[in-house]
Amino acid sequence: MKISENYIAFQTIVGKEIKRFTRIWTQTLLPPAITMCLYFVIFGNLIGSRIGEMGGFDYMQYIVPGLIMMSIITSSYGNVVSSFFSTKFQRSIEELLVSPVPDHVILMGYVIGGVARGLAVGFIVTLLSLFFTELSLHNLGITILVVVLTAVLFAIGGFINAVYATKFDDIAIVPTFILTPLTYLGGVFYSINLLPEFWQKVSMLNPILYMVNAFRYGILGVSDISVGWAIVCILGFIAALYLYAIKLLRSGKGLRQ
Amino acid sequence: MTTALSIKNLTKTYAGGVVALKGIDLTVEEGDFFALLGPNGAGKSTTIGIICSLVNKTSGSIQIFDKNIDQDFSGAKRYLGVVPQEFNFNQFEKVQDIILAQAGYYGIPEKKAAERTEYFLKKLGLWDKRDEISRNLSGGMKRRLMIARALVHKPKLLILDEPTAGVDIELRRSMWEFLTEINNEGTTIILTTHYLEEAESLCRNIAIIDKGGIVEDTSMRELLKKLDTETFILDLSENIENVPEIDGFNAKLVDSHNLEVSVHKGQYLNDLLAKLTQQNINVISMRSKSNRLEELFVSLVESNLS
Chain C
1 MKISENYIAF QTIVGKEIKR FTRIWTQTLL PPAITMCLYF VIFGNLIGSR
51 IGEMGGFDYM QYIVPGLIMM SIITSSYGNV VSSFFSTKFQ RSIEELLVSP
101 VPDHVILMGY VIGGVARGLA VGFIVTLLSL FFTELSLHNL GITILVVVLT
151 AVLFAIGGFI NAVYATKFDD IAIVPTFILT PLTYLGGVFY SINLLPEFWQ
201 KVSMLNPILY MVNAFRYGIL GVSDISVGWA IVCILGFIAA LYLYAIKLLR
251 SGKGLRQ
Chain B
1001 MTTALSIKNL TKTYAGGVVA LKGIDLTVEE GDFFALLGPN GAGKSTTIGI
1051 ICSLVNKTSG SIQIFDKNID QDFSGAKRYL GVVPQEFNFN QFEKVQDIIL
1101 AQAGYYGIPE KKAAERTEYF LKKLGLWDKR DEISRNLSGG MKRRLMIARA
1151 LVHKPKLLIL DEPTAGVDIE LRRSMWEFLT EINNEGTTII LTTHYLEEAE
1201 SLCRNIAIID KGGIVEDTSM RELLKKLDTE TFILDLSENI ENVPEIDGFN
1251 AKLVDSHNLE VSVHKGQYLN DLLAKLTQQN INVISMRSKS NRLEELFVSL
1301 VESNLS
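These protein sequence lines are chains C and B, in that order. Oh and the first sequence: position 133 is 133 in our numbering, straight run, nothing missing. Oh and the second sequence: position 76 is 1076 in our numbering, straight run, nothing missing.
Quick caveat, the hints were computed from the structure, so don't treat them as lab data. Be aware that one or more of the hints could be misleading.
Simulated pairs of lysine to any residue, SDA-like, Cα-Cα distance not exceeding 20 Å [claimed, not checked]: (1) C/Lys253 to B/Asn1056; (2) C/Lys19 to B/Asp1097; (3) C/Lys2 to B/Arg1130; (4) B/Lys1142 to C/Lys2; (5) B/Lys1211 to B/Asn1040; (6) B/Lys1154 to C/Lys247; (7) C/Lys2 to B/Ile1069; (8) C/Lys2 to B/Pro1155; (9) C/Lys16 to B/Gln1071; (10) C/Lys19 to B/Arg1130; (11) B/Lys1112 to C/Ile3; (12) C/Lys247 to B/Asn1040; (13) C/Lys88 to B/Lys1211; (14) B/Lys1156 to C/Glu5; (15) C/Lys16 to B/Gln1091; (16) C/Lys2 to B/Asn1068; (17) C/Lys253 to B/Gly1016.
Construct the complete structure from the given sequences, taking the supplied hints into account.
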């Protein structure tokens, strides 16, 4: 296909994805907004006021970047895994497979769809957080870069999950048993400096710690780890997962008999 | 003449060892209306699946017009439109959106995509349903939606896998007319169907596949010539109690006013009717006991079984 035709195909997939998650906004945009408001009220106002400062900021300000990042991770992953698995389940993925759309366009289309939902949810949660605390912006460039890269990474993760999934249970396993624990243990609610040395080292193995801290640096200017190293790690993960996802598409794993 | 589809030594062994195709060869010329018939599990859908990339082949080669799928699958797919056996569109999308999205996958610009969508939805009687959620359509409408979707990029080769399954007679006939029309306009069509009268009335050439192998590949005319015996049911004007003696013909009574007669190759219906007239037996009407192609199909598949 020509570049212009590939671009039309890409636009079509992204447009479909955005249309899908905005059509069912009560399932895709509203729940994270309500959940995060509860986090702000309970952990920020009620419990947070008794915790005091963390990293030089009051507790509410400290956890807001982590909570925004948590909602972006969950939404970008969830969008792709549910949408792509649904197309597999309904067999409408065959519309794409029989067409001349190259594999990388299919992958990028779904990934950008996931990124769009991640960013939409991140924007809504950020707006809501302003009702509970003041947010400064330490470094706009790093904030945007980290948000977009993280959304891309987890959207690709969601795609790979969907390719392997054979039933609806399979698309809930990774978010429930892997993503949620890693996010909660990834420094959303605390600084790893509070942990004993051994658990600090263990925490360094958690990739979400890097994303949460790099984002927190962008907003507040504080981080438990090197921001440069965090961005390199995220880029490395994106490259590895992208290549793996393309390999799965080429082989037809879970898609072709 | 240009070859629309050339399949050479195509094999498919599924994971688990089931051999679905045992090295089939098939050629379909441009402009043909071609029937690919076979009993359930014979390998029809596997063959179609491989052609349109929903099934990975084990070995062999496939060329669609000038594109070999191993060298330029993307180019080959541009020539191809597929109407699958099962409904495979998003049940929650609007009719119009399904067609527009398919056009987008082929890189067709928005304006042209909208024009073609309107044309094909009108052509297939679905324009009034364009804003309907697809799951609310009737079975026949869903089939027509898949045909419109397969045609939106104007394929040169259209493959229809049982397109009229579950469709009422009136709608089936209108679909036949439509398919004949697009075939006359130059689209090569490959049809699989279990309605053998459909294949007989629409298709010029035919291949019969059974147990993963091609057991017959010829023109419809040549195939029907192989029919040795055709059985007719005669509707008699008056009741009879015993089977009449008709020299040279095998007859039996279906009931008191219906007679079943077998006519072998080389025998004439005029003779049969003349002999009945001599016995004062008058025939009001007659019909084939079964479709001619059906008789041949059954005999070919049965001989392959033995």
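Structure-based check of all given hints:
1. The hinted pair formed by C/Lys253 and B/Asn1056 meets the criterion: a straight-line CA distance of about 10 Å does not exceed 20 Å.
2. About 11 Å separates the Cα atoms of C/Lys19 and B/Asp1097, which keeps this hinted pair within 20 Å; it holds.
3. A C-alpha spacing of about 30 Å is found between C/Lys2 and B/Arg1130, which places the hinted pair above 20 Å, so the restraint is violated.
4. A distance of roughly 32 Å separates the Cα atoms of B/Lys1142 and C/Lys2; the hinted pair therefore is violated under the 20 Å criterion.
5. As the CA atoms of B/Lys1211 and B/Asn1040 are separated by approximately 9 Å, the hinted pair is consistent with the 20 Å bound.
6. A distance of roughly 31 Å separates the Cα atoms of B/Lys1154 and C/Lys247; the hinted pair therefore is violated under the 20 Å criterion.
7. Our distance criterion of 20 Å between C-alpha atoms is met by C/Lys2 and B/Ile1069, whose separation comes to about 18 Å.
8. Restraint check for C/Lys2 and B/Pro1155: satisfied, since their Cα atoms lie roughly 18 Å apart, inside the 20 Å limit.
9. Distance check on the hinted pair: C/Lys16 and B/Gln1071 sit about 30 Å apart at the alpha-carbon level, beyond 20 Å; violated.
10. At roughly 17 Å between alpha-carbon atoms, C/Lys19 and B/Arg1130 fall within 20 Å of each other, so this suggested pair holds.
11. With a C-alpha separation of about 18 Å, the suggested pairing of B/Lys1112 with C/Ile3 holds against the 20 Å cut-off.
12. With a CA separation close to 34 Å, the supplied pair C/Lys247 and B/Asn1040 exceeds the 20 Å bound.
13. A threshold of 20 Å between alpha carbons decides the hint, and for C/Lys88 with B/Lys1211 the separation of about 29 Å lies outside it, so the pair is violated.
14. As the CA atoms of B/Lys1156 and C/Glu5 are separated by approximately 19 Å, the hinted pair is consistent with the 20 Å bound.
15. Note on C/Lys16 and B/Gln1091: the hinted pairing holds, with a Cα-Cα distance of about 14 Å set against a maximum of 20 Å.
16. For the hint pairing C/Lys2 with B/Asn1068, the CA-to-CA distance comes to about 19 Å; that is within 20 Å, so the pair holds.
17. Among the hinted pairs, C/Lys253 with B/Gly1016 is consistent with the structure: their alpha-carbon atoms are about 16 Å apart, no more than 20 Å.
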